[in-house]
Amino acid sequence: MLEPLHEVALDALREGFAVFDGDGLTLTQANKRFRELLQLPEDLSGLGTPLDAIVRHRAERGDYGPGDPASHHATWMARAREPAADEHRLDHGTLLERFVPIPGRGLVLTVADNRRVHEAETKIARMAKFPDENPNPVLRFDPEDRLSYANPSSRDLCQRAACVQPGDAAPAQWQECFVRARDTGRPVPLEYAQAGAVYSMLFAPVSDTSEINAYAFDITERIQHQRELAQARDAADRANLTKSQFLANMSHELRTPMNAILGFTKLVMRRSKDVLPEKQYNNLGKVRVSGEHLLALINNILDLSKIEAGRMEVNPAWFDLRRLVDLCVKTVEPLIKPGVELRSEIGPEVGEVYGDEVKVKQILINLLSNAAKFTVEGSVTLAVALDGDQVVASVRDTGIGIAEDKLEKVFEEFSQADGSTTREYGGTGLGLTICRRLADLMGGDIAVESAVGEGSTFSVRFPARHGDAPERPATDTQAAPAPTRPEKRRVTDRLVLSIDDDRNVVDLVRQNLADAGYRVVGAYSGADGLKKARLLEPHVILLDVIMGSNDGWQVLHSLKTDTRTKNIPVIMMSIIEEHSLAFRLGASGYLSKPVSRESLLQSVENVCGKGARVLVVDDNPDVIELLSQILSEEGHTMIAARNGEEGLARIADSNPDIMVLDLMMPVLDGFGLLERLRDLGGHDDLPIVILTAKVLSGDEEQELRRRVHNIVTKGGKVRQSLVQQIEAIVGASRAGGKA
Amino acid sequence: MGSQDSKLFGAFLLKRLGAPSTWVTAAVVGTFINLYGLALVPWLRGSDPVTSFLVQLEATPAVSLLSILLGYLFPVGVGVYSSASMLFATRHTASLADFPDRKPDPVFRVDADGVVVDAGRETSALFQEHGVHRAADILGAGAWRQITGEAAGTAVAGEQMVIHFERADRWYLVAWARGTNEHLNLYLTSIAPELASRLPESPDA
Chain A
10 MLEPLHEVAL DALREGFAVF DGDGLTLTQA NKRFRELLQL PEDLSGLGTP LDAIVRHRAE
70 RGDYGPGDPA SHHATWMARA REPAADEHRL DHGTLLERFV PIPGRGLVLT VADNRRVHEA
130 ETKIARMAKF PDENPNPVLR FDPEDRLSYA NPSSRDLCQR AACVQPGDAA PAQWQECFVR
190 ARDTGRPVPL EYAQAGAVYS MLFAPVSDTS EINAYAFDIT ERIQHQRELA QARDAADRAN
250 LTKSQFLANM SHELRTPMNA ILGFTKLVMR RSKDVLPEKQ YNNLGKVRVS GEHLLALINN
310 ILDLSKIEAG RMEVNPAWFD LRRLVDLCVK TVEPLIKPGV ELRSEIGPEV GEVYGDEVKV
370 KQILINLLSN AAKFTVEGSV TLAVALDGDQ VVASVRDTGI GIAEDKLEKV FEEFSQADGS
430 TTREYGGTGL GLTICRRLAD LMGGDIAVES AVGEGSTFSV RFPARHGDAP ERPATDTQAA
490 PAPTRPEKRR VTDRLVLSID DDRNVVDLVR QNLADAGYRV VGAYSGADGL KKARLLEPHV
550 ILLDVIMGSN DGWQVLHSLK TDTRTKNIPV IMMSIIEEHS LAFRLGASGY LSKPVSRESL
610 LQSVENVCGK GARVLVVDDN PDVIELLSQI LSEEGHTMIA ARNGEEGLAR IADSNPDIMV
670 LDLMMPVLDG FGLLERLRDL GGHDDLPIVI LTAKVLSGDE EQELRRRVHN IVTKGGKVRQ
730 SLVQQIEAIV GASRAGGKA
Chain B
32 MGSQDSKLFG AFLLKRLGAP STWVTAAVVG TFINLYGLAL VPWLRGSDPV TSFLVQLEAT
92 PAVSLLSILL GYLFPVGVGV YSSASMLFAT RHTASLADFP DRKPDPVFRV DADGVVVDAG
152 RETSALFQEH GVHRAADILG AGAWRQITGE AAGTAVAGEQ MVIHFERADR WYLVAWARGT
212 NEHLNLYLTS IAPELASRLP ESPDA
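Here the protein sequences come in this chain order: A and B. Its first residue numbered 10, the first sequence is counted upward by one per residue in our numbering. Its first residue numbered 32, the second sequence is counted upward by one per residue in our numbering.
Next comes chain A alone, as it looks inside the complex (with noise of 0.2 Å):
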């Protein structure tokens, strides 16, 4: 037994600690950690056991490995019998176990718990498979740039930098790289091109050892297949140009024919109404209504191609919403059917947005003519308000609705709710596909909520500010939508005959006339009248009924009888209603008093408001003939000139009011024209209206648009367009010229 103080060191120990004495090698003396580590039965962790049964055991337990366990026996009582020392590890690593000789005696068999390391031991050897099992290149290089070692994946890219074995030296491209990640302490990236192939590199540094590992992996495919993407993306590029100016060059042929066919129809029709068989007067219009169809779908789809060609771009500028939902509303007027009501809503807080004008029109004339065509029966509104800083404009209507699976649909290309919309409504299927795209050009979008039978609203939503908004200029006017257009020029003064027994009245037209560029000559008898008309000529005759020697009824019959004034138009104002009698007699407009000034100055514009010279530099004859009609029918003075050239000489000679000129013309053309304008000077007065066929791009509209009035594209509604145009300038000289 030992002593106690003994027992209580030997227990303390962390290793197993065992003595075998004797010749039978039987147990004498072990601590707990021995029997603690061993693990063995009680029937052999006593003293006495001799060791040949412990190593009986183990070798039965499997302590020495796999086999045969007799074999394991054998060998270990051998090694036990001649003791060297000699550290072996049992257990899958897990102890360490040694043999000390007695000499003359036994052995000391010592246990250490090896778990720790054997635990460390294992983790070093699975991390040391990473490099190996990598499926891509992994090398590393020692501190004087010799390969120290490469992954099986690296062959290739070895071989092909003639680094293949240890020891061999770099490429020089990669050492400038090691000298670069040293000096940094971070990893270089490379992108390494060798024998056809590409590499993705880095090259880390091993901060403690000077070394350098190498991540690499092949990008060949990748770059070949960029490569491949770059020629397609340009050779795409290239079809996108052909196909733009493919489109360009058919807009401006598709649109001009159009033109022709579409203006000439309608002045047949207007013109001819009464002479023409009925049935011949119904093909026309249904010429006119193909065409205009056929028109609008060649508008849509250079449209569309135009936005999917990314040429479509946003032109903001300062306008006034306001304005711009009345002359909507107005526009449409003439598709609403009878008995539908038409409305706006403008909420108190719009005013000026920075946003395309020209591409919100679209969107919200397209909204309502459609909302036009759907409704027979309720009314269609146009609802506009402020949401933040967003604009929402919304057009309900109480038309047929839209089933609910159908809403979606509506924005696909040559889609319709329903395929038999389009036979009985007509319609491209192409209008509201274009304002959603145009809505997100602007940084905006579009909805639909709708109920069959109940009705649609369709609401546009986009930035009140587009993108970096500069400040409104001060100076800006709202009849004005781009900020450096020339000043209006006045349009030469009208002269009124006002005709009426009462002053005050004659007073009260001269001031409101006066105020519209106006020249307002009195009459206070019909006698007087008579003369003056004869005389002067005016260019409107206000007349009133009731007058004291001679009424206003014979006046009226003797002027339109009268070879010198019967083509004067004569307004009749009085206080009793008989517009029927005053129409019948000749009369152009009947005003009820008392008179407004807005009312008067609408009448009086009506019939004489016009008349401006207008100068048409056209090549083509049948755009100069069909303005000549138009103008003519409008009552303005057309003078015509077949390129640049010839309209500088008629600008030099005739000072026309107003100049519409197209873009694309022989000799010297639209732009041409322009620039020598601006070289020759005094002629920024001049207010130009471009009528072209040629798509635009975004610079050339941008340009156009700071010098010109406004820009009306041929094939469209050229008439209405071009008539509303002309009146605006006009409207805008006379208001000019009271200033």
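Be careful, since some hints might not be right.
Footprint (simulated), chain A over chain B, 3 or more residues, beta carbon under 8 Å [unchecked claim]:
| no. | segment |
| --- | --- |
| 1 | 97-106 |
| 2 | 125-132 |
| 3 | 137-149 |
| 4 | 211-220 |
If you are wondering where the hints come from, they were derived from the structure by calculation, not from laboratory data. Note that the structure is predicted; figures quoted are calculated from it, not measured. Backbone N, C-alpha and C define an ideal beta-carbon position, used for all residues, glycine too.
Use these hints to put chain B onto chain A, whose structure you have.
This is chain B only, laid out in the frame that chain A set:
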């Protein structure tokens, strides 16, 4: 062999030569070798081993003694060589084991359930920072399914995919390889978002 390796080998040689077990082994194995050459072979040829040895010793004493000496030295040489080989293999393993720790981008190994079992030092820190320990958390569930499906079936060595490690908001190119014990090694290489947009993405990216 570099100068460091030479020094290490020298120290190792001295240690082995100083160990008693080296010489015990040499004595036992050398004796067997010499007995085989000097006694067993002549006896099998029908000669008297002692006579043969004496004749040989008389005729070429130096060669005979050298032969006996080499018989004892040979096991020493073999023992030193095998031990040195093991030493250098261990060093090589230890050297390779630090690759994952040195790799600037994540490298890790997952078991069949996708649980991370080994990872480089930086990788462990990254995963710990973002509280992830499963491949699906790192790669995205779709990418993990795709990788395990392809790895089990038609995986192509070196095949890669782009993933977005959401929690760290980083883009990686992932390569994978089948390891031992159903483990899967995953090697990530960080890439710029611009490059990521030009490469095929994983189902989650």
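Legend entry - Contradicted hints - numbers only: 1
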